[in-house]
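Chains as they are written, first to last, in my numbering: chain E, 281 to 613; chain L, 4 to 297.
FYI, nobody ran anything at the bench for these hints, they're computed from the structure. Even for Gly, the Cβ is constructed at its ideal location relative to N, Cα and C. Among the clues, some could well be false.
[What the hints assert, rightly or not] Calculated pairs, BS3-like style, for lysine-lysine (alpha carbon to alpha carbon, straight line, at most 25 Å): (1) Lys274(L) - Lys517(E); (2) Lys437(E) - Lys274(L); (3) Lys24(L) - Lys530(E); (4) Lys291(E) - Lys416(E); (5) Lys234(L) - Lys24(L); (6) Lys104(L) - Lys439(E); (7) Lys274(L) - Lys446(E); (8) Lys340(E) - Lys481(E); (9) Lys291(E) - Lys89(L); (10) Lys214(L) - Lys539(E).
[What the hints assert, rightly or not] Output of the computed footprint for chain E on chain L, the stretches with three or more beta carbons under 8 Å from beta carbons of chain E: (11) 12-18; (12) 50-56; (13) 135-145; (14) 203-209; (15) 216-225; (16) 236-250.
Residues per chain, in single letters:
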Amino acid sequence: MIKVALVGAGKMGVSHLSILGAHPDVEMVGVCDTSKIVTNFLERYSKMDCYADFTKMLDKAKPDAVFVAVPTKFHHQIIKIALERNIHVFAEKPFCLNTAEGKELVDLAAKKSLVNQVGYHNKFVGTFKEVKRIIKSGMLGDVYHFVAESYGPVVTKPKQSSWRSKPEEGGGCLMDYASHVIDLVNDIISPITQVKGATLKSIYSNTVEDAVYSVMNTTDNVSGILSVNWSEETYRKMSTTVTILGSKGKIISDANEMKLYLKDETKDYTKGWNVKYITDLTDQVNFNLRGEEYSAQIDYFVDAVLKRKPNNVNTFQQAMQTDKVIELIKQHR
Amino acid sequence: MDRILFGDNQFFAVNHISDEKSRAQSIQFKTDEAIMKTLNNAKNVGLNTFMCTTHDRIVAICDIIRKNPDEYSDYKIFPCMPYAHKYANAVTELGISGTIKQYVPGNVFGSILKGGMAIISKDYISLIELMIDAEMKMFKGINTPVIFLQNVITDLLLGLNCEEVLVAFCSHIKKKYNAEPGFITMNLPKLHEVLTRNGIENPIICSSINKVGFRMSGSIEAYEEVLRTKKGRFIAMQVLAGGAIPPEEAIEYICGLPNIESILFGASSQKNIESTMSYIHAFDEKQLTTAMAS
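The following block holds chain L by itself, in its conformation from the complex:
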């Protein structure tokens, strides 16, 4: 994975601290061209991985990337599925089985329901595989070396102790997409323990990691302990804690942590993209110099 991954929150009006900024962003990124312009700006300064949710609007972005193979030959997308609000709003309206019926392609589920036959475990896993495939459709022909399960689903399954389902996600991603499975979570220590106990070694886990401990469940110390002592490919997100920490200080903290393979961030303006990157480069270099000196 690249050291720095470009995120998509800014494109879909996800702002963790301000509803006003969210609205301004949805106005700024109303068109696909506006999104592409920012993606290209980021690409021009070396951000070749776009980590994005399987939002409906990504379909058009994928079309553009597919149509310009030369320009995006080195470009990678890390899909994060599902776009949870789509399902959450559907569940509110249609209920759980209504939502599955609406979003699972084909009539696999319909026939199970109609037949009234007992649902055996295999059917649930194939149902989940079908839903993964439906989410992955938009990325056909695009390089997606790592595919993530969004935190709402990861953490839901984690709390429900559905360890087998987490494993099934991994297997399907590896087998069908020849890609690495990844997990986004708000509960890094617990998830790491569960995954490794189930034989998923060196798991790719993306979680909030920041100097003020925001969205780091349990404690910041528990997270630092995992980074220090456990094997895994860790990605830090929400490193600025939604803007609560000044960028320089935030990134100095992240670059000083052991075992962070990648840093995920999103930004709307060229200025913010460049300044965040330059902080990461500067503090990485400083770490390297210190390490070599000792």
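With the rest of the complex left out, here is chain E:
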């Protein structure tokens, strides 16, 4: 059993709270948020101890681990406080506003040997996990190119209202949406180290970009194209697709369906097209709120804190790599 507190009870925060609330190894000891509407509700109906002050919560609740789901601009400050008090941290994505902030936290977590994880949940999606396995096994031969895409209907009319429309606070399609796709490419192919060109386009927003299009390269000299647009109302919800080309085949995968083309038969797959669905690739979770991956990432974090699993998926270090690519893209603004 571990004691967990959460700071930032917005959309992701409340979702985490629900999954944590149903977790057999977790005791929720505190929730911190500045919104009275939310904390009053949680106090009244969830019987949770709520706070408006983060350090006060840590003093009183003494959690073993804390979930950080505040706007990105507060990540560095909040996470630093937690790490300094020897508290394990699960932070929402993107990690930090810049790599200087991120580096300090990576080093601090390492120095203190604390479990650290960032909420890039695609790594816990069955199809993407299988894509990674296929690539690392060499089944695709030499991977030479990728197309990574993500589309969804977040901003579909001219209106500004939250921190997501403030670039200095971590808003915008690049940090909020494209970060997911960049992180996925970094993990399943190889880290992106070069951004050859990028277009950051505003469609409905005045202050931030609504779309990011970029040409890039990874450490292994794999070339790639990134195409992300959060003003795409032909999608019902966020939809991420990767297309990866190698000398021995090709993969097209989204979160539901993985299509693999192979020039030659392998142990697991036949020559030509193979299709696998999420139904074949999903591991059972104990509690499902809105997709297995959200529970799976929390299970993984809890297991790491309890030393049942290594802490090597979605670490601060890996998330900082993603922040680094975001910085590279921003240079083309």
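Position chain L against the provided structure of chain E, taking the given hints into account.
Leaving out everything else, chain L in the frame of chain E:
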């Protein structure tokens, strides 16, 4: 409840295994006429209950049904609220209180906020009741004997241990709409335990139930145990597990389970509607014959 309920995923591009199929469906069902045509096809083969989310497009479907009372005199709609993506996208953009302000009718909430007064529990429940009423507006004059809470909200409340709110949903649905409350969930065993412990007996629960255990949280065995030993009116959905199981095999499994009152499925083509129905009828009959023989 009817043995077979017709679902709406196909109309709103919800496909659990393929984004490509989703797009093809949103093209096929671009017009209200296309949706009505499929609903009528289903009705003609005996599917008299349409279980649908409170999507904006259902407003027009309800208008058509209301305008043709003779044709739809026996027709029932089971509303499932809310249409979660509408709110999820709004929360991303406006935050939680911004979303409530946008979607709660009247100025109840505004006055609470402005006054800065402490929000007492009663206000939250009336807020929720107002949101239910807003979602139910489109069904005025239509027979809605069972009204469901969508799984995203059911499961969110379940994880947050907001048992009182689940009970409040039941009370409001019974009192105001004279209907049965129902719940959609991805966590059947846990929800059943919570509802019955809170005095909601014989609850109507719709959940994924299929031969491969897809979206059956905990384990397939835990679900089968509930069906075998607990009291409830259970509806099976995602019986084909998004197409992972061949229809005949999928339905043989479902019809062989105890205590499944209804089966929910959706399909775009007349051929698929008819074949799924004929499998259900065939395996139900087989069960009945076996039961009578023993």
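(request) Enumerate the violated hints, using their earlier numbering and listing them in ascending order. (result) Result: hints 1, 2, 4, 5, 7, 8, 12, 13 and 14 break, sorted rising.
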